[in-house]
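K.L.:
Protein sequences appear in the order of chains A and B.
For the numbering used here, add 12 to where a residue sits in the first sequence, where the first one is 1.
For the numbering used here, add 5 to where a residue sits in the second sequence, where the first one is 1.
Calculated from the structure, these hints are not laboratory results.
The beta-carbon is built from N, C-alpha and C at its ideal position, and this holds for glycine as well.
Honestly, I wouldn't trust all of these hints.
What the hints assert, rightly or not - Selected chain B positions facing chain A (Cβ under 7 Å, derived; list incomplete):
1) Ala-85
2) Ala-178
3) Tyr-181
4) Arg-185
5) Glu-326
6) His-333
7) Gln-343
8) Ser-344
9) Glu-347
10) Leu-349
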Amino acid sequence: MNASIDDKAANSPRDRGEQQRHREERGGTDALAYGGYNFAYLDEQTKRMIRRALLKAVAIPGYQVPFGGREMPMPYGWGTGGMQLTASILGADDVLKVIDQGADDTTNAVSIRTFFERVAGVETTTRTQAASVIQTRHRIPERALSPHQILVFQVPIPEPLRFIEPSEEETRVMHALEEYGVMHVKLYEDIARHGHIATTYAYPVKVDGRYVMDPSPIPKFDNPKLDMSEALMLFGAGREKRLYAIPPYTRVKSLDFEDHPFEIPTWDEPCALCGATDSYLDEVITDDRGGRMFVCSDTDYCQDRREEVA
Amino acid sequence: MYVAVKGGEQAIANAHRWMADRRRGDRDQDELKVDQVRDQLGLAVDRVMAEASLHDPQLAALALKQASGDLTEAVFLLRAYRTTLPRLADSVALRTADMRVERRISATFKDVPGGQVLGSTYDYTHRLLDFMLLADGETPAPEKADAVLEACPQILEALDAEGLIEQEIDDGAEPYDITRDPPDFPVDRATRLQMLARGDEGYLLALGYSTQRGYGRNHPFAGEIRQGAVEVEIEVEGFDGPLCIGEVVISECQMINQFGGSREKAPQFTRGYGLAFGRNERKTMAMALVDRALRAEELGEPVQGPAQQAEFVLAHADNVEASGFVSHLKLPHYVDFQSELELLRRLRREHAPGLAAEGEAPPPPGPGSDADSAAAGAQTPAPSDPQRSQESPA
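Use the sequences and the hints to build the structure in full.
P.N.:
In structure tokens, the structure reads:
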């Protein structure tokens, strides 16, 4: 990366304009269009603060660590937590992949990827295997991740107990005392009313036999991928200023009952594009007469399989 | 054939370009200058500065221009800029008693030392549209008197001398910094005030209003409202006293509220406090009401109204957070929606035969119905099957 990126002396907007002009004169790249900002946007102190919080999170799997979340130049709720984590762990030689709903080309994924291309100048990819850091919203890639990869989740509401107990003061105590009965009661009430556990995404898990954790709004289809994952998984909630982690090879169990074991949804048909029967499928409406088709939500997985066939 | 819905960098770029064009508007009109916004839409600028927690009228005006006048968007722009600024120094506490007062009123005393100073205000205007402004009429310059303003001591201090009002005592504790540290509920009053100071004006107004209508009533009097410039000072090593580095215009509101007291302690008036950058009188009044409401627990009052519930009030006051999270609903959610669809179809499949058999309520779910339904699911025709579309609309 260009060494001048580390030079954070310029502070006022006027200085920044000045600095930007200098860079442009030196033939700055697009990465320098945001002149005056540090590598990966956040200043080094902030990144260090976040990395410290991440270390704590890794040391206590599933525990929500408060961190001094910053405003990002994207709205809260649009992945600012994930972005701060990504910014803190990103190095110049990392290869970044960003997905939203499993796809690399959804608008917000495009926007976040472009942001890091600009402020960090890192290489980006859409190929799951080629990425060292993958930031995701609502999905875990279908292909198993490897030990050298880090998956960063964007988290809207980090507290799994929030919709049962709105007060943060209370839920903190509940976690401390491992008072998770209410969660099982909630799941039981689902069964009593619907005959099923009616939670289909953000399905609560217990991490390493201790903390109940919200895996972010991934479909419960993805929950088994959390268990004994070889890759480090980091979770960032920007608005709520909480982060947490699942270290590699950690036991992650989806909450259930003996007579109502956890199960994942299945589809009656394969992906209409690649024929996969083991992937999460999105339903796409093809006309206004009830026509629809099912295709892989993980676009890279789908692409890969189609190339293999071809 | 299915074509993947591509977000596309090009589409995003075009959308932004169109927005910029909209913002600029008809090219036959002169472009609005940032200086004009700063000087002629000053109250909007002040509100943006207050809610962004950054005192910079020029940049706040730029944000307003860039946001086409969308206040919340402008607040967000300025806030995102603010967060990148380094901390060079902490100011010492502002001495609002020494304010160069331009407006200062009290609703609790007819006359006060320094007098009632009306300053500039829309109060008492008749809210009639001034069509002269439409016709580009000239605004006459104000007349200026030479009289020097008398000293304006803070009115609540007069009550303090008699012990009629609770004292605010600086305990010297290092204040929590809400922009650097995550919220840790319950929070102390200094932290609360920081959160309220950047809180959305409309939100605080509604909550303050609710206390007046009985949801956590606290019997307020506007003890003093003042506006004007105060000096900002910092401590510098090697200098004895603090050094003034400039002035900021602020608004301050001190509410006097009904008594606290106990068997051990004589009854006293209590206080609610509001402070904001710029001329933000409505905001500071609302803030003072809410501050007082949030002291319910501390003062031994029952917590009944929404405005008295600290976690509720404070966690939702920030409009940058709120607008972000509300607007994120625009982002794709089709993965989660697909999960819900799958479940709902399954539930309806199980529901339908029951309806046919009994004519009303669904059968109670039996044990192991989860596994049963998975098996049933496998036999059910695919959603694309025409047979299914006949049976699904129940």
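K.L.:
Now look at each hint and say whether the structure bears it out.
P.N.:
Against the structure, the hints come out as follows:
no.	hint	result
1	Ala-85	4 Å, holds
2	Ala-178	19 Å, violated
3	Tyr-181	11 Å, violated
4	Arg-185	5 Å, holds
5	Glu-326	5 Å, holds
6	His-333	3 Å, holds
7	Gln-343	6 Å, holds
8	Ser-344	3 Å, holds
9	Glu-347	5 Å, holds
10	Leu-349	9 Å, violated
This entry does not satisfy hints 2, 3, 10, going by the numbered hints stated previously.
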